[in-house]
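Sequence order for the protein chains is F and E. Counting in my numbering, the first sequence runs from 0 upward without gaps. Counting in my numbering, the second sequence runs from 0 upward without gaps.
Fair warning: there could be bad hints in the mix.
When chains are identical, the list treats them as one kind, so a pair holds in a single copy or across two.
[To be verified] Lysine-lysine pairs mimicking BS3-like chemistry, simulated, CA-CA at most 30 angstroms apart:
1. 196 / 218
2. 83 / 153
3. 83 / 204
4. 83 / 199
5. 199 / 106
6. 204 / 106
Keep in mind that the hints were calculated from the coordinates and are not lab data.
2 protein chains.
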Amino acid sequence: MTFSVTVLGSSSAIPTLVRNPSAHLLNADERLFLIDCAEGTQLALRRNRIHFQRIRNIMISHLHGDHFYGLIGLLTSLHLLGRKDEMHIYAHPMLESIINIQLEVSKTTLLYPLYFHPLNPDVHEVIFEDNRVIAESFPLLHSVPTCGFVFREKLKYRRYLQKRSYAYCSDTAYTESIIPYVKETSLLYHEATFMDKMAKAAAEKMHSTTVEAATLAMKAGVRQLMIGHYSARYDDLAPLLEEAQAIFPQTILAEDGKTIPIG
Amino acid sequence: MTFSVTVLGSSSAIPTLVRNPSAHLLNADERLFLIDCAEGTQLALRRNRIHFQRIRNIMISHLHGDHFYGLIGLLTSLHLLGRKDEMHIYAHPMLESIINIQLEVSKTTLLYPLYFHPLNPDVHEVIFEDNRVIAESFPLLHSVPTCGFVFREKLKYRRYLQKRSYAYCSDTAYTESIIPYVKETSLLYHEATFMDKMAKAAAEKMHSTTVEAATLAMKAGVRQLMIGHYSARYDDLAPLLEEAQAIFPQTILAEDGKTIPIG
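Here chain F stands alone, though its shape is the one from the complex (with noise of 0.2 angstroms):
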């Protein structure tokens, strides 16, 4: 069964023409999550060939733009396709306004189910749960609340097999409290904006380096680590990518398109 993550968007706050804003896509054996979806979300997986009526889940970290301006057009774009499948988002109360404001404005009907989880974004829950896939957010540290995931495997047959694991972290400053949260994980995505000679503003943005996205992976013990969420002046990632190996050598680059396989 595919555990894999592709990667829908890089960049943080502002799209350029090689790099959306952030949304994941988290196929955990044949359940897809959407995680995050910014501007241009729709067609990034369309240009990935995902078939994306088959996403049942979509989780939302926080309500800055650049994590979801790309919700309302997609689930337009579901109705007007024709969809009847349930819907769940998960995310802080507002979103709900937000959404239903414009549906609306629009005289929108939708034809399908749509169901808002809100996040409690001060503590660690389950939020998700079914026979293959167990989903859990956490507090992450930020301007506005957020809330990490982590996507366990929970499959009968790989009972004497290492269950695989995906880590969201995104957007938040370096802190060591979601250690406990993304322990071991397969894979841990986890923002890193800045290289280390920014950890000023980093800081003060609260936002994440290489250095510190590392640093936290190291602590973790997780297997392999994934940075992403770059500022647009990065042009050329090379050195983002050497300085956080520096500190821990399983670290990818997150790239518009590509699908990591994970465990």
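With the hints as your guide, set chain E onto chain F.
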């Protein structure tokens, strides 16, 4: 002086890999007007190397998502890139609430003054005027309140020349009530979502066909017609162009990234 329009999106409701939904950039004697702003418009502006900080006025025809879902992202990016200049939005009054709720949840206070000018979709009125350009709105015939726009050159040095003008009519069913407003314009953009054999579907959805757009152009005596807002069902646009040209030979196709000099 330049008088031209750049097509940033020529698709109807759903973006495709080759066509964005509606957005046009009018350069009217070096005043840049953005007309509609679908998801992905900020990237389309970049792709077409349009310096988007020069835009000072944005007209939104109506509140269907394929005409405004890209606005919040564009306004946010302008802010993040340090804009200080005024921005003016001409739209249905509900758009102000939609933008403001999204700025509030992200705790964003724009660095630049943003003014909303409510449009009245029931009347024909002047909505913008300076020493070079005058812009008017007028009622279209659609399933939600919708405005057409016409921009007319008024430069003194063109006193003895034919003045140039651009009319934008999307979305609308066929209606001859708009003829007085678009009469003899240099370039009329009129939506043509469907081909003639889908005339019934077009009428039901309050959209137009190629034949209707061409008929309107002929009756209004415009110099040139541009059709667009194509249904995603059409991969090849040549048959749409043929149908329209059979009635009004001076018809061209809206295509993403195409710039049309006017007059």
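- request: Have a look at residue 199 and residue 106 and pick one of within, between, both or neither, based on CA distance no larger than 30 angstroms.
  value: Between copies only: 22 angstroms across, 47 angstroms inside.
message: Please sort residue 83 with residue 199 into within, between, both or neither, judging by C-alpha distance up to 30 angstroms.
response: Cα proximity of residue 83 and residue 199: across copies only (26 angstroms, versus 48 angstroms in one copy).
- prompt: Which holds for residue 83 with residue 153 at a C-alpha limit of 30 angstroms: within a copy, between copies, both or neither?
  reply: Answer is within: at 28 angstroms inside a copy they meet the 30 angstroms cutoff, but 52 angstroms across does not.
message: Within a copy, between copies, both or neither: which one fits residue 196 and residue 218 at a CA-CA cutoff of 30 angstroms?
response: Result: close within a single copy only, 21 angstroms intra versus 65 angstroms inter.
message: I want to check one pair: residue 204 and residue 106. Are their C-alpha atoms no more than 30 angstroms apart within a copy, between two copies, both, or neither?
response: between (38 angstroms within a copy, 13 angstroms between copies)
- request: Check residue 83 against residue 204 for me: Cα-Cα at most 30 angstroms, and say if that holds within a copy, between copies, both or neither.
  value: Result: close only across copies, 21 angstroms inter versus 41 angstroms intra.
The structure fails none of the hints (numbered hints given earlier).
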